[in-house]
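Please construct the entire structure, taking both the sequences and the accompanying hints into account.
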Amino acid sequence: EPEVTQTPSHQVTQMGQEVILRCVPISNHLYFYWYRQILGQKVEFLVSFYNNEISEKSEIFDDQFSVERPDGSNFTLKIRSTKLEDSAMYFCASSERTGRNYGYTFGSGTRLTVV
Amino acid sequence: GIQVEQSPPDLILQEGANSTLRCNFSDSVNNLQWFHQNPWGQLINLFYIPSGTKQNGRLSATTVATERYSLLYISSSQTTDSGVYFCARMGRLTGGGNKLTFGTGTQLKVEL
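So the protein sequences, as listed, match chains E and R.
With the first letter of the first sequence counted as 1, position 84 gets the number 84 in my numbering; the numbers rise by one all the way through.
Basically my numbering = 1-based index in the second sequence + 1000.
Honestly, I wouldn't trust all of these hints.
Unchecked claim - Listed below are several chain E residues computed to face chain R (Cβ distance under 7 angstroms; list not exhaustive):
| # | residue |
| --- | --- |
| 1 | 48 |
| 2 | 50 |
| 3 | 89 |
| 4 | 109 |
Derived by calculation from the structure, the hints in this document are not laboratory data.
Source: prediction; values computed, not measured.
Idealized CB from N, CA, C, for every residue including glycine.
Given below as structure tokens:
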């Protein structure tokens, strides 16, 4: 079964540093997403990406965050200057299409720890 | 905003027992997904079920969209079923794609 691949699985970074989280969505999928989950809390939407641009972002997704699909296969989330409160599990997801018969496939997540 | 509530918040079962998890949502859905988050944090897709009933092995799910709820049934539970179960309501985004609004989760522990 096709998978969404995320790297790294764990990352520890110092406050103020930039991090890039990487994702390879399923190859025929058209819609790409980032979600995050702070420890012990529910999963929250960050951003959706379609046709090489952001289609919607949440209020969490401020100017410190950016996404990119640099080469047609990778999909990255960049945090420019990390804060302690950015510590969370970050999930990438993709879907083939929208509509009732198309669900999401999530990657295994990147656990980001900001110290 | 859209609310997705799950019950019970916590559940402890003996191996072999059956259980029903419930998900209530405050608005109409384009689709609804059930996920299992395993102890390593991975989100495993169980079902996407906008309406009706689906079955996959010991698990089945039913969504009654008109009454805005979904149920996940786990039969003959095993210790490997432990983890957090999330439902997520899928709504359309005007710019393209869908957005999942996750519920609060049910923490399940299955004991020997």
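| field | chain R contact restraint for residue 109(E) - C-beta distance below 7 angstroms | value | At about 5 angstroms, which falls below the 7 angstroms cut-off, the nearest Cβ of chain R leaves the hint on residue 109(E) intact, so it holds.
| field | Hint status (Cβ of residue 48(E) to nearest Cβ of chain R, threshold 7 angstroms) | value | holds (4 angstroms)
| residue 50(E) as an interface hint toward chain R, with CB separation required under 7 angstroms | holds (4 angstroms)
| query | With 7 angstroms as the cut and Cβ atoms as the points, is residue 89(E) at the interface with chain R? | reply | holds (5 angstroms)
Violated hints: none; the structure is consistent with every hint.
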